[in-house]
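Colleague: Here the protein sequences line up with chains A and B, keeping their order.
Per this note's numbering, residue 1 is the first one in the first sequence, and the count goes up by one each step.
Per this note's numbering, residue 1 is the first one in the second sequence, and the count goes up by one each step.
Under the rule of at most 20 Å between Cα atoms (straight-line distance), these lysine to aspartate or glutamate pairs were calculated in the EDC-like manner:
1. A/K10 <-> A/D42
2. B/K22 <-> A/D106
3. B/K63 <-> B/E3
4. B/K53 <-> A/E291
5. A/K301 <-> A/D339
6. B/K26 <-> A/D106
7. A/K301 <-> A/D318
8. B/K52 <-> A/E291
9. A/K301 <-> A/E291
10. B/K26 <-> A/E68
11. A/K231 <-> A/D317
12. A/K231 <-> A/E279
13. B/K5 <-> B/D32
14. B/K52 <-> B/E16
15. A/K301 <-> A/D290
16. A/K10 <-> A/E68
17. A/K301 <-> B/E47
18. A/K329 <-> A/E187
Just so you know, these hints were derived from the structure itself, not from any lab.
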Amino acid sequence: MSVSAGPAAKTFRMEESYAAINQLYQERGWTDGLPIVPPTEDAVAAVLRYTDRAPREVVAVLPPRQGEATVERLAINTVMAGARPEYFPVILTAIEALADPAFNLDSIQATTHPVAPILIVNGPIARELGINSGYNAFGQGFQANLTIGRAVRLILMNVGGGLPGTGDRATQGSPAKIAYCVAENEEANPWEPLHVEAGFPLETSTVTVNGCEGPHNIQDHYSYTGLGVLKVIAGAMGQAGSNNLLGAGTPLLSLGPEHAATIARDGYSKRQVKEFLYEHARYPLRLLGDEYRHYLVERRKVADADDTMVPIVRTPDDILVIVAGGAGKHSCWQPTFGDQTRPARRVISRRDGTPLAKVSDLRRSP
Amino acid sequence: MLEQKGIPSVVMGTLEFEQLAKLESKNRGLADLPLALIPHPLGGIPEDEAIKKADLVIDVVVKALTR
Numbered sequence: 001m002s003v004s005a006g007p008a009a010k011t012f013r014m015e016e017s018y019a020a021i022n023q024l025y026q027e028r029g030w031t032d033g034l035p036i037v038p039p040t041e042d043a044v045a046a047v048l049r050y051t052d053r054a055p056r057e058v059v060a061v062l063p064p065r066q067g068e069a070t071v072e073r074l075a076i077n078t079v080m081a082g083a084r085p086e087y088f089p090v091i092l093t094a095i096e097a098l099a100d101p102a103f104n105l106d107s108i109q110a111t112t113h114p115v116a117p118i119l120i121v122n123g124p125i126a127r128e129l130g131i132n133s134g135y136n137a138f139g140q141g142f143q144a145n146l147t148i149g150r151a152v153r154l155i156l157m158n159v160g161g162g163l164p165g166t167g168d169r170a171t172q173g174s175p176a177k178i179a180y181c182v183a184e185n186e187e188a189n190p191w192e193p194l195h196v197e198a199g200f201p202l203e204t205s206t207v208t209v210n211g212c213e214g215p216h217n218i219q220d221h222y223s224y225t226g227l228g229v230l231k232v233i234a235g236a237m238g239q240a241g242s243n244n245l246l247g248a249g250t251p252l253l254s255l256g257p258e259h260a261a262t263i264a265r266d267g268y269s270k271r272q273v274k275e276f277l278y279e280h281a282r283y284p285l286r287l288l289g290d291e292y293r294h295y296l297v298e299r300r301k302v303a304d305a306d307d308t309m310v311p312i313v314r315t316p317d318d319i320l321v322i323v324a325g326g327a328g329k330h331s332c333w334q335p336t337f338g339d340q341t342r343p344a345r346r347v348i349s350r351r352d353g354t355p356l357a358k359v360s361d362l363r364r365s366p
Numbered sequence: 001m002l003e004q005k006g007i008p009s010v011v012m013g014t015l016e017f018e019q020l021a022k023l024e025s026k027n028r029g030l031a032d033l034p035l036a037l038i039p040h041p042l043g044g045i046p047e048d049e050a051i052k053k054a055d056l057v058i059d060v061v062v063k064a065l066t067r
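Only chain B is shown next, with the shape it has when bound in the complex (with noise of 0.2 Å):
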């Protein structure tokens, strides 16, 4: 996995699954990698929304990814 390999990471989804991410996360034994989420659903939305969603953790995402 990229984080593994000292590539900065982040894991982007919807709140819904964040129970899922944080599991999988810690089993893989990476319990700190930084998580994204924003209000479920991604799918099924107009690209608008879709923006708007991102704006939302645009913050988080860069803080990851220049750690």
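Okay, chain A solo, but in the shape it has when bound (with noise of 0.2 Å):
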């Protein structure tokens, strides 16, 4: 297999402090405004034990700057966002998915919208390297998490270009777009995890990224059904103003463990609760102001009529359900960037495609 050979990394020698250091970084526009790691020639060979990859092995070539992601560059930023060595397979398996055109990363990077790829990470080398699912797990206290989602950012904008203001032009931009990496719960999903619902073994580890907005929670404390659950979910998802009530898309519902055991225990599939979010979660469009129904009738070709319930997918397939978090009576839904972007998902595995059982399988000594 040929593989193109891009640049390799300039090593430069600086004698000054970590705070002078981290200065010149700030200065030159190389992090994401926090204090970075210095990628020291030592630590980026420590990352690099964990690929069978070339340093100079381009990866992915990434929008809007083009740049070229070599496994070193990859590494390199793995270093300067905090991570550890073993979490590198992760980081590269994501950049990967991005990559790939249905995920058109071109827009995702450019727009005006405030969207940030989610890492979903699922298999047991989520559980190997301490991927947060449990409590908090879109938040903050877990070093995996925001640091393979912060190695992503910035890959993203150092390799990529996608800074604020010239390659990234995210209006308000999103806490999302700093680091976004969870672990699916999948002791405490009652169906099969996301990796299963495509096919994969349940010991395969997968890397799901989608073009997500922030959590918005969905709090539901008093319904003690499925179906009140559902509801209350479905009254959240079809709301005004999300990209995906203008355009469809895939949005992701990440159910918290407990209301996911409410609906399961009524007897509700995966594939049922899609269908009913499908058909429920709606706006109607009179509420809606006349430029923006003249938009959905003219271009979604919804009925012109005052009982129009106007859908946000295409159809149940395209809505993404996980299972996330600890105990509590509350979800959350990430809407979507909108029909411009699809899901896209890779298999942790070896440079020729075997899965990886374990991240560790892949260590090389000094």
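Two chains, two separate frames, one set of hints: put the complex together.
Modeller: Shown next, in the form of structure tokens:
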């Protein structure tokens, strides 16, 4: 297999203090605004021990700069993000998924919409690396979630050129653009997890990317039936102002374990959850302003009638459902960038495509 | 891309995004891709205003597509 080789990274010598080095990275625009861990030769070499690829192999070409994402450049940003070397296979796999044409990284990088690629990690490697799927799954406190997510953002900025105000034109942006990585809570999932639903064995580890907004909370402490919970979720998802109402796409529902358990106990399969939400997560056309209504009638061909309920997806299958979080009566949904992006998924594997059972199998001695 | 397949193309956008359009064109090896740029914004304006803005660049679009 021929592999294109990108440029080798430059090494430079700095005698200055840690504070001075960080100041230089800030001034040159090489960071997300937070301090970085200096990517010394030894630290980068330690990351490269967790791949069987050559340092100059080009994993992807990232827009808008059309920057060549060499293995070495990915490793450098991995160090800068504060990630542990063993996280590298997940980061590299995520970049491969983001480069899938269906994901449309060009638009995700440059748009005014506050979209960020969420990384959903499934399978045993998520547990091996301690990627949090429980309490505060989308929040702070876990090195794997925060630094894997941050490494991907640094790569999108430093290699892809997604810099605020130039290559990234987000009107307001979102905290989700700092770090957005989660594991699915497979133990608490009453149905098949995301990767198994897609046809992979339970013991295969995957990274799924989806172009999402940050989490929108759905609180329901009062319903004790699956139908009751689903009605509240449908009400939350069928909101005005999302790109999904405007133009469909593949929104994500992240069910808290207790909501998932209540819904499953009452006999709903995951497919039936999607069918219910397809039918009921809708917004009344009559409540929208005239101009917005006109757009939906002209472009989405919805019936121009006061009883029209506008769906947020084209088919039930376009709704992604995962289980994440700890105890409590909260779920959330993540609207997406809309119809111009699709989720992409890659298996965490060796270079020859063999799935990895655990990342420690890859580790090479110094 | 259409232009690279020999089909004359033009990018329409607002002046607010001129820098991004030029950056992306250049990075994809299409530094001379014609741009038809109108005053910002394009979204959130009435149809008659949108038509007035289109009138400002219609000659650029015709020229670009009939190269």
